[in-house]
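Enquirer: Quick note, the sequences are listed as chains A and B, same order.
Using numbering that gives the first Met the number 0, the first residue of the first sequence is number 0, and each one after it goes up by one.
Using numbering that gives the first Met the number 0, the first residue of the second sequence is number 0, and each one after it goes up by one.
Derived by calculation from the structure, the hints in this document are not laboratory data.
The model shown is predicted, which means the values in this text are computed figures rather than measured ones.
Be careful, since some hints might not be right.
Given that identical chains are not distinguished, each listed pair holds provided it fits within a single copy or across any two copies.
Unchecked claim - Pairs of lysine-lysine residues, derived as DSS-like cross-links and limited to a Cα-Cα distance of at most 30 Å, are as follows:
(1) LYS569 - LYS178
(2) LYS628 - LYS41
(3) LYS41 - LYS93
(4) LYS72 - LYS367
(5) LYS411 - LYS48
(6) LYS375 - LYS46
(7) LYS467 - LYS49
Number of protein chains: 2
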Amino acid sequence: MGHGTNRVEDMASPNNGNTAPVTANARETIVEIHSVCLPPKKTTFQKLKKRFGDVFFPDDPLERFRNQTWRNKVILGLQSLFPIFTWGSQYDLKLLRSDVVSGLTIASLAIPQGISYAKLANLPPIVGLYSSFVPPLIYSVLGSSKHLAVGPVSIASLVMGSMLSESVSPTQDSILYLKLAFTSTFFAGLFQASLGLLRLGFVIDFLSKATLIGFTAGAAVIVSLQQLKGLLGIVHFTGKMQFIPVMSSVFSHRSEWSWETILMGLGFLAILLTTRHISMRKPKLFWISAASPLVSVVISTLLVFLIRNKTHAISFIGHLPKGLNPPSSNMLYFSGTHLALAIKTGIITGILSLTEGIAVGRTFASLKNYQVNGNKEMVAIGFMNMAGSCTSCYVTTGSFSRSAVNYNAGAKTAVSNIVMASAVLVTLLFLMPLFYYTPNLILAAIILTAVIGLIDYRAAYKLWKVDKFDFFTCMCSFFGVLLVSVPLGLAIAVGVSVLKILLHVTRPNTVEFGNIQGTQIYQSVKRYREASRIPGFLILAVESPIYFANSTYLQERILRWTREEETRIKENSGTTLKCIILDMTAVSSIDTSGIEAVFELRRRLEKQSLQLVLVNPVGSVMEKLHKSKIIESLGLSGLYLTVGEAVADLSSTWKAHGQI
Amino acid sequence: MGHGTNRVEDMASPNNGNTAPVTANARETIVEIHSVCLPPKKTTFQKLKKRFGDVFFPDDPLERFRNQTWRNKVILGLQSLFPIFTWGSQYDLKLLRSDVVSGLTIASLAIPQGISYAKLANLPPIVGLYSSFVPPLIYSVLGSSKHLAVGPVSIASLVMGSMLSESVSPTQDSILYLKLAFTSTFFAGLFQASLGLLRLGFVIDFLSKATLIGFTAGAAVIVSLQQLKGLLGIVHFTGKMQFIPVMSSVFSHRSEWSWETILMGLGFLAILLTTRHISMRKPKLFWISAASPLVSVVISTLLVFLIRNKTHAISFIGHLPKGLNPPSSNMLYFSGTHLALAIKTGIITGILSLTEGIAVGRTFASLKNYQVNGNKEMVAIGFMNMAGSCTSCYVTTGSFSRSAVNYNAGAKTAVSNIVMASAVLVTLLFLMPLFYYTPNLILAAIILTAVIGLIDYRAAYKLWKVDKFDFFTCMCSFFGVLLVSVPLGLAIAVGVSVLKILLHVTRPNTVEFGNIQGTQIYQSVKRYREASRIPGFLILAVESPIYFANSTYLQERILRWTREEETRIKENSGTTLKCIILDMTAVSSIDTSGIEAVFELRRRLEKQSLQLVLVNPVGSVMEKLHKSKIIESLGLSGLYLTVGEAVADLSSTWKAHGQI
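From just these sequences and the hints, can you work out the full model?
Expert: Rendered as C-alpha cells:
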C-alpha cells in the first residue's frame, strides 16, 4: 500500500464498474486507498489573476469577444456600451405599438407621482416632472433592462429630503437647498457609475433582502406619516422625519385640521386604494390602478376649481413654470460647508436607488428570461443621474410600481421610456397651467397609495418563519429608520448583517459523524438515527473555513469533543479512542493561524496517544497544508480522500498490528 | 422507490456489511436511495440557547460541576475563581526550591527591564519597579498559568507612551501625564476584565497572528529607533514615534552625539547581544542572557561612578525615591478633556497586552500540557491592572521574554512571581540609591536587546511562502505602525483581515466534480485527473455558506458554468446536459437571500429544461430549505444524500423513460 504524495500513481483500480471494487471479505485485508492530490501548480501571478477575475469579472465580460473578427468585435463593443444597438436594428411597428401603449400608461402614472415625490424631497413639484423627462431618455440608450420605468422614486426622495433638510431649510434657504439636491444627485450618479466602472457592484449585495424589507417598510411608514400634513391640511408641520416628532406635530396642530381637506382626502384615498386592490387581485386590470392617479388629479383639480370661491381651506399647488428643463450645471456646489453633506446624501441615495433599480431590473428580466448585467446597469443609472444633475433633475432610478405597470401594459423595449418622456415633454410645454388648482391632498393620497404597498409584512413574517436572524436584521433596520435616522438605521442593519457573517465564521459548527450501516456514507450521528459511531474513531466534520478568527475556538472545541467522547466511552466501557478523523470537505479555506491550530491540535492529541487524520481537504487548503509541511508531520497515514477509506485502512493496520 | 421526507423508513438495507450492498448488475435497476433527514426538531428557544452557549460558553465551564455534592461544588467554584486553591494544597518544598530559583532569575531580569520599559512609556523609572511588585502578586492568586512572568512589557509601554505623549507632554505636564497613565491602566484593566466576564474573549482572536507579527515588528523598529536617543547621548529628541521624524531628529542633532556614550553603549550592546545569542543557541545556558542585563547594569553603574569626575557626557538616572508603591487611586481621572484619550489608550494597550499575555500563557501551557482558560486569564489580567492603577503601576501583562526565562529556569507554579515580587520589594526598600549612577545608555541597550528578538522575519517569510494574503496583512500592520501611527496601523490590519473574510464569503469558490472511475467518489475534475464528467450531468460543489453577500454571485456563476458546459458539449458533440447537481456539503449555512437564489436558479434552469438537484445539505440548511418549502418545489427527485445516489437514480429513471 503506497502512501504519501505519490499515491496518485496507485490509482489504477482492478475493475471499471460503478460498483465498489472490492468484496466484503477482501476489504478486511486489501483496502483500496485513493490519494489526495494537490491542485495543478500555478504561479502566484496566475492565482492572483484568477482571484482578481473572480472578484471583479465573475461574468467574464470578454467571453463573447473571443474568436471574433475585428468588425464583429467593434459591433459587439458598441452593443455592450449602448444596448440600444442590440435591439434597435430589429425594432418594428408591432413593437412600437406595444411600447406606445405602455409608455402612455406609465406617463399617466409618472406625472402625478413625479409631482408628489418631488414634494416628498422638499423640492418644487416641477423638479419631479423635469426628472421624469431627461433621465428616461438617457436610460433608454444606455440601459439593458426592457421593462424598467425610470423616474423619481419614493425612498430616494424621502431620504434626500430628510438628510438635506436636517441641515438646510427648504423653505428659507430654497436656492441653497436646490443646489444641494442637484449636487447630491451628481455625487449619487458619480458613485453609481464608479461602482459599475470599477466593477464593485457586489457592494450593493451587502444590503441584504432582509435589511431592505425592514428599511423600505420603515421608510414607507415615515413617508405615510409625512402625508398627514397634506391629508389633514396642517400648515405648520415639523421638518423632522422620526416617528415621535411627527406624531406630536400632528396632534399639537389640531386647530389647523381642515374638515374639507380631510373629507376630500379620505374620499380620494379610498378610491385610489380600491383601484389598487382591484388591480392587485386581477393583474389584467392593471390599467385601473394605473389610470386612477391621473383621473383623481383631474377630478380633484376640477372640484377645487369649482369651489375655489366658496372655501380657502383646501391648499393647492399654485403656479408652475412652463417649459423644458433649465440647465443646472451652474448650480452644482463643489466647495463650502455643505459639501460633505451633499456627498453623504449622494452616496446614500445613490446606493439605495441603485439597489432598487437593479432589483427591479433583475425581477423583470428573470420573468422574461433575459440578462441584466449589474455593473452595466450601474453605469447606465450613474450616467443618467450625472446628466440629470445638470438638467434640473434629482435622483432617479427604476421604480418598482411603474415598472410593474409598464410590464403589465406590454412594454417590449426601452422605447416605452422614450414615449413616456415625450408625454412628459408635452405636459411640460403646454399643460402646466392645468395643475394650478391641483390640491395638495391628492398628492398626499397618491404617495400614500404608492408607499403602502412597500410595507411587506408577509415577507417579514416569512423571514421570521425561516430565519430568525434575518428577521432580527429586518427589525433592526425598520426601527433604526423609524426611530433613529435613515442613514443610521441603514448602517445598523448592514452592521448586523456583517456581524452575522463574522459570528458564523468565529463560532463554526462541528458535527460528529457516524457510518450509515451497509454503506460508505458518513453522516451526522445526531441527525441520522441510522448513523452509528465506529469504535476507536471520533469522526468530526468542520463546517467552516479555518481562520485566525476561529482557529483557537476550533482547537478547543475539538479537544472538548475528544474529552466528551472519552467520558462517553468510559461510561459505556467501549473500545478505547485511538483516532480523531477531521472531515475537511467543508473547510473551504485556511490561513496560517488555521494551519498552526491544526499543528497544535495534532501535538496535543499525540500527547494523549491519539492520532489525527485529515480527510478530503479542498484544493486551496491542500496546497497550504503541503507548503507548511504539515502533511509530512501527520505521518504516513494522516491524510485520506474519504472517511470510509481512512476508517478501513486504519482498522486493517491496527488489526495487522494486533491492536484490536 | 419511496421518495420524499418519509424516505427515512426505506433505509433498512438488505445486508449489514461494510461493503456496498448491491452488485454491479443489480445497480442498473435497483438503486438504493438514502433519504436526507431533517435535524431533530428544536424550539426557537432551544436553538437560541445552543447558539448562545456556542458563542459565549464554548468551553462548557459548568461541565465540572455536574453530578457533584454541594461541598465539592463550593470547592470547585473557589478553585475556578482562585486557581491558587487548585495547586496550593499540594505545594511542597521541592516545588518551592524550583520556584525560588526561577523567581530570583526573573527578578534579575525584571528590575533592569522594569526601569527601562517605564522610560519607554515616558514614565519615571521607579514606576516600572512599582509595576513589577503589585501585579505579579495579584496574578499569582488569580492567574491560571504556571509560567507567566508578569510585569511591564515593551509593546504596551511603547503604545502608551506614544499615544499619551501625542496630546500631553511628559516633561512639561508630568503630573497630568502620570494621571493619564494610571487612568489608562485602569481602563485597560476594566476593559480586559469585562471581556473576560462577558465572555467576549474571542474579540482578541481578531488580532490574527499575521497582524501581530507585523505589528510587533513595526513596534520593535520604533522602539529601537527611540533607543538611539540613549545610545547616542542626544538630549533634545523628538517626541514623535514615526520613522521619518525620529530619523530626522537623530541626524539634525549630530552635535549632541557623545562619543563616550556611543562607545560604552555599543560595548554593552555587543555583550548583551552575544549573551542573548549564546542562550538562544543553547537553551540550557538561559541563565547567561538572564543574568547579563543585571550584571551590565552593575558594571556600567560602577564605571560611571568611577569616571564621574572625569566626564559629564554620560547621562545617568539620578535620584530614585526609596519605599513601596504609594497609593494612586486619587490620581485617577474620570472627567475632563483628556478622558477620551485615556479610555482609547486604555482599550488599545489593554487589548495588546491581553493578546500578548494570553498567547504567552497558552504557549507554555501547551508545552507542559495544561489548560489556560482564555476568559479566566482576561479577568485575572484585568483585575491585576485595575489594582495596579491604584498602586502607582502602569499596564502590565505576561512578558514573553521573561516567561521564557521563567520556564527555562524551572518555574513550577505562580510562586515564582511571588519570589520575584519579593526581590523587587527588597530593591524598592533598600537598593534604590545604588541606581543613582546607572547610565541611561545601558537601559537603551537592554531595551534594544529585548525588542530585537521581536522582529520575526522568519515568520514573515513563512507567511509569504504559505499564504500571500496573510503576508499582505502582516505588511499592512508593519508599515501602518511604522509610518502612520500605532492605533491606525492596528486598525488597518484588523480591517484588512476582516475584509479577507468578507471577500471570501462574497466570492466563494465553485468546483466542478467528476466521478473517480470504479468508485462512488466524486471530486474536482481539475484537481483529479482520474475524475471524469458524467454525461448529462453537471456536478458543482459550492464551497461557502450562501448568504445575501454572495447569493447573486453564486446564481450568476452557476448559470455561467452551465453555459460553459453546454458550449463544451457542443464542441465535443457529447450528450445533452440534463441535470445540474449542486453538492451542498460545504454550504455550512444559508439565509433567506440564499434560499431565494436557489429558488430563482431552479426557475431559470427549468426554463432551459434543466433539472436542479441538491445533494447533502447540512442540518441547519436542510431545516431552512424545508421551512421555505423549496424541497417540495424541487420535485420528487430533487434531493439526495450523495452525488453517487443522485446520478444512479436519475440515470436509471431516464433509462426507464427511454431518455438515454
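Enquirer: Work down the list of hints and note, for each, if the structure agrees.
Expert: A quick look at each hint next to the structure:
1. In this homomeric assembly, LYS569 and LYS178 never come within 30 Å of each other (Cα to Cα): the closest approach is 78 Å inside a single copy and 57 Å across copies.
2. For a Cα distance limit of 30 Å, the shortest separation of LYS628 from LYS41 inside one copy, 18 Å, qualifies, whereas the shortest one across copies, 43 Å, does not.
3. Taking identical chains as interchangeable, the C-alpha atoms of LYS41 and LYS93 are never at most 30 Å apart, the minima being 54 Å within one chain and 58 Å between chains.
4. Only within a single protomer do LYS72 and LYS367 lie at most 30 Å apart by alpha-carbon distance; the minimum there is 27 Å, versus 68 Å between protomers.
5. For the identical chains of this complex, LYS411 and LYS48 are neighbours neither inside a copy (39 Å) nor across copies (53 Å), given an alpha-carbon limit of 30 Å.
6. For the homomeric pair LYS375 and LYS46, the shortest alpha-carbon distance inside one copy (26 Å) is at most 30 Å, but the shortest distance between copies (43 Å) is not.
7. In the homo-oligomer, the alpha carbons of LYS467 and LYS49 lie at most 30 Å apart only across protomers (14 Å), although the nearest pairing inside one protomer, at 36 Å, exceeds that limit.
The structure fails hints 1, 3, 5 (numbered hints given earlier, in ascending order).
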